[in-house]
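Trainee: Each chain, letter by letter, is given below.
Number of protein chains: 4
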Amino acid sequence: MNTLRGGPTQPEICAVSLAKLGVRNGDIAIDIGCGTGTVSIAIAKTAGHVHAIDMRSEAIDHARRRIASAGCDNITLVEGNAVDFLKHADTIDIAFIGGSKELSVILEYLAAKHVRSIVVNAVLLETAALAITEMRRLGIFSEAIHLQVSRSHDLAGKTIFKPINPVYIISGGSR
Amino acid sequence: MNTLRGGPTQPEICAVSLAKLGVRNGDIAIDIGCGTGTVSIAIAKTAGHVHAIDMRSEAIDHARRRIASAGCDNITLVEGNAVDFLKHADTIDIAFIGGSKELSVILEYLAAKHVRSIVVNAVLLETAALAITEMRRLGIFSEAIHLQVSRSHDLAGKTIFKPINPVYIISGGSR
Amino acid sequence: MNTLRGGPTQPEICAVSLAKLGVRNGDIAIDIGCGTGTVSIAIAKTAGHVHAIDMRSEAIDHARRRIASAGCDNITLVEGNAVDFLKHADTIDIAFIGGSKELSVILEYLAAKHVRSIVVNAVLLETAALAITEMRRLGIFSEAIHLQVSRSHDLAGKTIFKPINPVYIISGGSR
Amino acid sequence: MNTLRGGPTQPEICAVSLAKLGVRNGDIAIDIGCGTGTVSIAIAKTAGHVHAIDMRSEAIDHARRRIASAGCDNITLVEGNAVDFLKHADTIDIAFIGGSKELSVILEYLAAKHVRSIVVNAVLLETAALAITEMRRLGIFSEAIHLQVSRSHDLAGKTIFKPINPVYIISGGSR
Chain R
5 MNTLRGGPTQ PEICAVSLAK LGVRNGDIAI DIGCGTGTVS IAIAKTAGHV
55 HAIDMRSEAI DHARRRIASA GCDNITLVEG NAVDFLKHAD TIDIAFIGGS
105 KELSVILEYL AAKHVRSIVV NAVLLETAAL AITEMRRLGI FSEAIHLQVS
155 RSHDLAGKTI FKPINPVYII SGGSR
Chain G
5 MNTLRGGPTQ PEICAVSLAK LGVRNGDIAI DIGCGTGTVS IAIAKTAGHV
55 HAIDMRSEAI DHARRRIASA GCDNITLVEG NAVDFLKHAD TIDIAFIGGS
105 KELSVILEYL AAKHVRSIVV NAVLLETAAL AITEMRRLGI FSEAIHLQVS
155 RSHDLAGKTI FKPINPVYII SGGSR
Chain C
5 MNTLRGGPTQ PEICAVSLAK LGVRNGDIAI DIGCGTGTVS IAIAKTAGHV
55 HAIDMRSEAI DHARRRIASA GCDNITLVEG NAVDFLKHAD TIDIAFIGGS
105 KELSVILEYL AAKHVRSIVV NAVLLETAAL AITEMRRLGI FSEAIHLQVS
155 RSHDLAGKTI FKPINPVYII SGGSR
Chain F
5 MNTLRGGPTQ PEICAVSLAK LGVRNGDIAI DIGCGTGTVS IAIAKTAGHV
55 HAIDMRSEAI DHARRRIASA GCDNITLVEG NAVDFLKHAD TIDIAFIGGS
105 KELSVILEYL AAKHVRSIVV NAVLLETAAL AITEMRRLGI FSEAIHLQVS
155 RSHDLAGKTI FKPINPVYII SGGSR
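Heads up: the protein sequence lines correspond to chains R, G, C and F, in order.
Position one of the first sequence corresponds to residue 5 (the numbering used here), numbered consecutively onward.
Position one of the second sequence corresponds to residue 5 (the numbering used here), numbered consecutively onward.
Position one of the third sequence corresponds to residue 5 (the numbering used here), numbered consecutively onward.
Position one of the fourth sequence corresponds to residue 5 (the numbering used here), numbered consecutively onward.
No wet-lab data here; the hints were simulated from the structure.
Even for Gly, the Cβ is constructed at its ideal location relative to N, Cα and C.
Where hints are given, some of them may not hold.
In silico DSBU-like links for lysine-lysine, alpha-carbon gap of 35 angstroms or less [as the list claims (entries may be wrong)]: (1) K91(C) <-> K162(G); (2) K49(G) <-> K91(G); (3) K105(R) <-> K91(G).
Cβ pair distances, simulated, as ranges [unchecked claim]: (4) G11(F) <-> K117(C): 31 to 41 angstroms; (5) K166(C) <-> T95(F): 52 to 62 angstroms; (6) G26(C) <-> M59(F): 25 to 35 angstroms; (7) G143(G) <-> V109(R): 35 to 45 angstroms; (8) A93(C) <-> G84(R): 50 to 60 angstroms; (9) H53(G) <-> T50(R): 15 to 25 angstroms.
Residues from chain F shown here face chain C by an in silico Cβ test under 7 angstroms; the list is partial [to be verified]: (10) E16; (11) C76; (12) A148; (13) R155.
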């Protein structure tokens, strides 16, 4: 999950997640478990508006600073529960889920609202399995990928590769 | 390499390569070994102009059709040798190399022209090692990553992951 | 899963599974979903006896030929249901599960029989998650690994790596 | 490389390397850059004798303790240069190379001595490329694999996978 504990979403994970999300000009987006705001800022370059939601005040504080320094004026920060937000939300075009303890309920809301494109990042095996199972059940599953990135480091002028944590990227929606 | 033999650059590889390339509005870009044109089309969304080069007439034909159907009017197709093109080229801001038999010479030209951002996709171990060694020598090496993507397939309602070929993505330039 | 459909267990997967299994001289072993018999034959080099079980008569036929050609005389082939076998089985020291539709029930039997070492090979995400969850619940979970092997192929004198399907290897037991 | 810096060879890497090595009863083996002795001890279970070579006295000390505690009496420790050892060596059946700064010269000696089976572990891209190129040139190359292992860790009762460094395992010999 895209937790503060784990730090910001890695650039390669973010790039692939954005490609799967397929953001369009003017899209209304939500970023559930926005953490440091990395993905929200990336979405906001194309989307019309992003609602970045996190339960943790420290995440909201962190994201606020990064959003300000990125100069984004189309991101609204929401400190609180994603399900509460979804209960009262109008149209949502795309949804990124970097972390949530209520994944099943959230996916049900997103399916009911006919959200066009949904991407879940999961580092936990159980979360990946749950996301796929629920999205299949709701008829909104497209694909999952397992992404393993290793980065080069210099070792006395030679090249050693050190891996970052693998992630499951699950995508779907009412496409 | 992004050869016709291998088919178009896979979307995840393309997304990460684009992120490493860091295309900016108005950039003059070259795509060496453009193959089916997938990466050129992706770059052209942000760049000012893309020169898509390939020695193989079947690649140029293939790319021409895909570029037309994508509606891009800022891509010039060049059937021929990348080194010949580079000899007479003016400013180049960014360069993507999906395939070439003259990688060392090309990298020397790109370094001499102070190309801001260079990304090489390599599926061959020897090409990856050569790209890194040459870019280190020329003082234009930033980073290499090894990217392993596996995609989900349905197996009687369950999820099996099938891997695509791993690729090395080497990046650098006069950043 | 180690199905006939998928062919024999790949040598690297087999080597790591055997290492996790930790076969000892004289061990009584079972191989559930034995398929072509590859893992049974490997276990039989150290174990006292191996019961190789598969529901599919074509698997049993295939394994019989391979076991004969390997010259193993300490493997018994069992065509039938693994749960039926476990109901009447005496001591079992180690168990390899390459495939089964009744994984939960099998794991319960293996836990009840205090099997020292259990290794499950899973290519399905759902099977991996189920194996881990059930083994945790039964107090017999040690570790899971995700194994991604790519093999070199010659491409005009250079080296391309082609991946085989990734596999989860889950291990535990009453160690 | 199997350096002390990097700690002992990981069990999965060791298991696959041993499988590629194909140790036979009575084999005379050498382990070049033996480090902590992990691979030597594994080879010694089947081989007739193992010569474990390392230039670093701290490696030899470390390996000595581990070999003693493993109760192996068929491993000779050699503190010094592998090339010097090879100059005067008689028959060698199998060779494992976990680390060396003179890989090319060593491979030439091993080819000249018709060593049946050679396995090189490389974590550096340049070492992997060099090993493959040299073994191809000497006519003793069989195969290389890229091995990526991730291990499960418990995160609040769920399962996160953390990767260990990927390794190239290059094998060949006068088979």
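Trainee: Among the hints numbered above, which are violated by the structure, and what are their numbers in rising order?
Mentor: 3, 5, 7 and 11
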